[in-house]
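Undergrad: Below, each chain spelled out in residue letters.
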Amino acid sequence: MDSKKKYWKGLEEVQKTPEFIEKNKNEFAEPLPIEELLEGTGINAPTPRRDFLKAMGFGIGAVSLAACNVAPVVKSVPYLIKPEEVTPGIPNYYTSSYKGGSILVKTREGRPIKVEGNPNCLVNQGGLNAQAQASVLDLYDISKLKGPLYKGVEYSWEDLDQQAKDDLAKVQASGKTIAIISSTVNSPSTKSVIADFASKYPATKHVMVDPISYSGIIKANEASFGKAVLPQYHFEKANVIVSFAADFLGSWISPVQFTKQYVSTRNMASLKEKKMSRHIHFEAGMSLTGSKADSRIATKLSEEGPALVALYNELTGSSIGNNPTIESKAVASAIKLVAKELLNAKGAALVVSGSNDIATQTIVNAINSYLGSYGTTIDLDNPSHQFAGSDADFDALLADMKSGKVGAVLFLNSNPAYNHPKAKEFVDALKKVTFTASFADRVDETATLCQIVAPNSNYLESWGDENAIDGYYTIVQPTINPIYNTRQAEVSLLTWSDQPIKDYYAYVRANWEKTVLTVAGKKWDDVLQAGFIALPTKAASSYNFAGNVNDAASSVLSLSKSLNKDIQLHIYQSVAVGSGDQGNNPYLQETPDPVSKVTWDNYVAINPKYANTLGISQFDVVTVKNNNYAIDLPVLYQPGQAHGTISVALGYGRTNAGKVGDMVGQNAYPFLTFANGAYQYVNTITLAKTGGYEELAQTQTHHSLEGRNIVRETTFAEYKKDPAHGSGHHGKKHENVDLWGKYDQPGQNWVMAIDLNACTGCGACIVACSTENNVPVVGKDEVRRRREMHWIRIDRYYTFNEEGKEITEEEELKHIDGKFENVSVIHQPMMCQHCDHAPCETVCPVLATVHSNEGLNHMAYNRCVGTRYCANNCPYKVRRFNWFNYWNDSRFDNYLNNEFTQLVLNPDVTTRFRGVMEKCSMCIQRIQAGKLQAKLEKRVMKDGDVKVACQQTCPANAIIFGDANDPNSEVSKALTNERTFYVLEELNVLPGVGYMTKVTNTGLQEA
Amino acid sequence: MSSHHESILREPLITGKNITYAKITDDVLMPVENKPNKAWWIGFIVAAMGACLWLFAVSYTFWNGIGAWGLNKTVGWAWDITGFVWWVGIGHAGTLISAVLLLFRQNWRNSINRSAEAMTIFAVICAATYVVSHMGRPWLAYWPLPLPNQFGSLWVNFNSPLVWDVFAISTYFSVSLVFWYVGLLPDIAAIRDRATGLRRRIYSILSFGWNGSVKTWQRFETVSLILAGVATPLVLSVHTIVSMDFATSLEPGWHTTIFPPYFVAGAIFSGFAMVQTLLLVTRKVLGLENYITMFHIESMNKIIVLTGSIVGVAYLSEFFIAWYSGVEYEQYTFLHRFTGPYWWAGSMMYGCNVLMPQLFWFKKIRTNIAISWCLSIVVNIGMWFERFVIIVLSLNRDYLPSSWAMFYPTWVDISIFVGSIGLFFTLFLLFIRVLPSVAMAEVRLLVKTSSEQSKKKLLDEGKVKNEEAEYYVESLEKFDSVQQADYVKI
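In order, the protein sequences belong to chains A and B.
All the letters of the first sequence, read from the start, carry residue numbers 1 to 1007 under the working numbering.
All the letters of the second sequence, read from the start, carry residue numbers 1 to 490 under the working numbering.
Because the hints were derived from the structure by calculation, they are not lab data.
Some hints could be false.
As the list claims (entries may be wrong) - Here are the simulated distance ranges between beta carbons:
{"id": "1", "chain 1": "B", "residue 1": "Gly229", "chain 2": "A", "residue 2": "Ser890", "range": "51 to 59 Å"}
{"id": "2", "chain 1": "B", "residue 1": "Gln150", "chain 2": "A", "residue 2": "Ser890", "range": "52 to 60 Å"}
{"id": "3", "chain 1": "A", "residue 1": "Asn736", "chain 2": "B", "residue 2": "Trp343", "range": "31 to 39 Å"}
Every residue, glycine too, gets a C-beta built ideally from N, C-alpha and C.
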């Protein structure tokens, strides 16, 4: 297609003007101003509008792109050489031991973040109480010492050791005593270290003293049976349990162990076999155990003794103590009934007393011996070593100190300046001691008085062992290097006594290989893996009482008589804070008391009706006073408290615990009295109003049920006739109509079952949940504003048994003239119910809370805008709102919000920003981990793959979690139980958490 | 309209002598065209201080978190949503007056609609601030809007009454604003025509080029009518939807089908009370007695007693249903209003809303300005307590007694509420300074037909029957703006 057509560019081309020809030679007809531009004139020339716009467009674009990078620079240093056993994102579990119970420590990337009970542990059987759960936080306590101190000045370990050695040598040379004051040491290796130390310094004397003393029992057993031991109790073998103020489910000796035992005769399995123990409780204050009792008889402290003597007389037909009279008719008639029941249950009966009085325990021994309890419900042959402190030993030492016979005192896990009743005397006597050293991890009340503070490492940083019960040895192994410049106390003792082995790991190992491992025929690695070694138990034999019951009775009665004046003071250990050792632990301080629901304080618990007669009202600040000591505390109305008595908890009022625990509550230890060879946890005091008013921080402020059927109960007699009795499910079920479509739930359908008869309300689940899910601690003020963040709470309701009726309504109570002593209590764990028709889900404007096809109610924190509509619409009020930025607000620095303490956070769970809602997720991270594990192992998930945190720790096994789609799962079986009901099921929100009725064994009362 | 006379039996809507179109303009524009007087300044300073308090308290909340308020795990809404519903309710009277009464050709609305509509807009602004400030993360306040986004296929929850609320309130606000502004156009033009310099320029822009031609007036009438038609359903829908925030929930005390009509009646009730509160002061301070007459005051009082009684009946049926339903939780909630720790709030609600307005059955009280003003405030106190009772008293003791808790307001709660009143009055005081507080164009329509002077002229001309004249003169007795002496001789 050759075209001859020619298109002209213009007339110039046609005419072929010379200019055109000239210009057309070049590629561009007109020269480009490149040179001109580069020469400089172009740049300086005024910028054309278009260029300006182009440049500006580019500039703004570039700048805004550059400005997009708002992420702060976070430096993360990768492992240079990856430790073989650490895989980021995969937790490692190590066995260890806490207070004699074997535990599993979960570590992530080298930091311990959670403690769980070792399911094979003989003592706790996988359960842990609140204190053990919270103990991981003690590791990350900012109030701890960062290195050794000498006379308040930071020192190096070398200089310190030299100083200590010189001083100890001087004391040894002077012939004065070197005292090691410790709380109970049952660790074979520590004992061996102390023995080694004593061989170097023969003047050494080891005195064990516990803030909560059980020396009364030990002494009584010595007198009664010639065995100075703390026996092992077997509540699981008892058909009738009678407790005189022994809070064995909450704080007495080994509460987790006892809870496991106790519940085993009262749980679902036991009830299915129509078996249930009967528990009768006599006490002044309302304890956790009293709240669980089938029959609880409010008993004045002064009547506990006579009641016990009367019980002995009623049982044996003798008349020791001249048949003491019991003022209270209720107690007197109860004793008669109890005696009958105990006799019927001979050989399967158990009587325990919480008293530390030797005489009282002697009578208890006599009763138990008469009932044939030894060898069945009480085991003296495999005794407990959990408490071995001796009140008398300490008093002897104190006398020596006063007389200047003591040259050196070393404090190992011991803080007598705070928790000894004679602290004042002791502090004065300490001034006469030339060398004082403390192994406390912080400058506590005693360490402030010591020349040397050689900070002990946390148990999670230490090697060690424990021997809680005879023949049961547990290993303590470190899960992290010492964070601060601390050293194990044992190493200090070894160093100061110039022992050849100073590496405590080698020491412990050698000690085990020498003793336990040889006997058991096991290897060191076996212990590290299993966490414990249990030697075969001895057969428990029966013992015959060989004490003097008459002397004991007169001693008991005279003590009781001395209490019968003024107001009787009952001093007890709070379930969460305990003896106060963990006073700086914010998780524990914020765990509500199981009965009173008070956090962050101790208080005067008083019966409301009795308070009225004294002219005292709730939250009045009163002075509790006797001749020697006085404290000011707010008043709490405690229904069930015996008239004429008040209860005050120990463990508060610390002055040198740290930023969290200082000045929380008041110290009640000085009210203890030394009488008849042991410390008595009773006293008499007077009360005087100060005129002050202080509202306690309670997590529950309304205490009656208002007649609502949200908790359901029955009696054992009724249950035997009809297992569904009281559950509200009889005959044909009401047919419900739904507006919502039904969705398939292939795979799993996660649900939960909670046995109200098992739950004791101890609160371990609350702490377990908080550590697992990074639930913030908000402090006293915020709790007072009712803003605690706990994802799981335990509702506690009182029923008043007055005028022959069960009264649950506030209005009705106002018109009742009773004593408010006869009160029944029920505990109900409450968390997100994961309703299938969740009311929270429909109202969220932004779909931040939605349902999964596995039956879970999810919370997408990132999507939440914080209207709080969901929380308002939740009938169970389980949603928690982040009122403040708990993780970045200086007001919360003391609790968890500081760089160091935040290391305890579970990296699998995000912390929540202010303004978003949160709530129980059924430990979704654990569900995911379980799924992943099953996937890796190429199998389907099976029941028990996933245990949620509250379930895992529950000492009562009251919580069962699992898949409702699996008919054989434990939870499915539990939910088909006749006792099952759902809270507020009439709303048809289809909650995923079923509850089982509480069954009370009213025993002979019915007859 | 001006070609025939209105019946002498009807009370005049404008009083005074020598009312001319120009005089109306002069009277109404007096505050706009002159320097403000002392009263205005005092009012404005107090109101502005309130607005500053509001700004401070809201900023404090934004900085620290909602924890600055007194809310807790049980009571998730309290003064915030109480304030929100209260303000939205107050806004209702404006729409009712401007839209519904326009459709019903109630000419007496002409003198009060402008202020009432302005009040609506400012009240909705106050309400909207609560919507944003009560959020935990207010910087994400746009998330409840169904905007296209890059969060995947994330949409809003159309099941949630809060989303309906977003639609309802935003629609309500935009329609009210447009309606109000369209109505303002001829009046702004009037200001423009009388102004000079910069003011003229500004009002010129604001008047959208109004030229007063017949065509313009015709279009104006059409648009007004259409907007009135659009706004009328809103009178019912907005508070219906607000009530659904509660009615569709599960809370005892909220979960009630009667809420939509009950809330609408309550809204109109409180709205009229607020109009009354504002106008009784405005007419005095701005000297508008001739345009906002005793007839208006009495009419509004009648509406207050009517809606107050409707609300009272609604309360009674709530109690009846609570008893009749047999639901113990609901029964408790209602009993709790009298017997619980918040008995005083319940008493305020029932006392102020049901009992006090019944006084308006008496003509003496209805036509007494001081008592009317006090009662109008009492009604709004009562209506605030109604919302407080519904919200807090339902939440604080619902299903599980373990979670029952009291609500105690903090200084921030109180400051935001007091501050929002300050904000409202700041806006209102600015409004009467820059825009005509009475719809001049619409009032002018009444001069020839419904004014006192036109009726007087009829009387003077002897064109009315004697008994009718007597009746008319008798009806004038209550007017404080009528020279009673003029009628003695008749």
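Undergrad: If a hint holds in the structure, say so; if it does not, say that too.
TA: Here is how each hint holds up against the structure:
1. B:Gly229 with A:Ser890: 51 to 59 Å: Given a distance of about 57 Å, which is inside 51 to 59 Å, the answer is holds.
2. B:Gln150 with A:Ser890: 52 to 60 Å: violated (35 Å)
3. A:Asn736 with B:Trp343: 31 to 39 Å: holds (37 Å)
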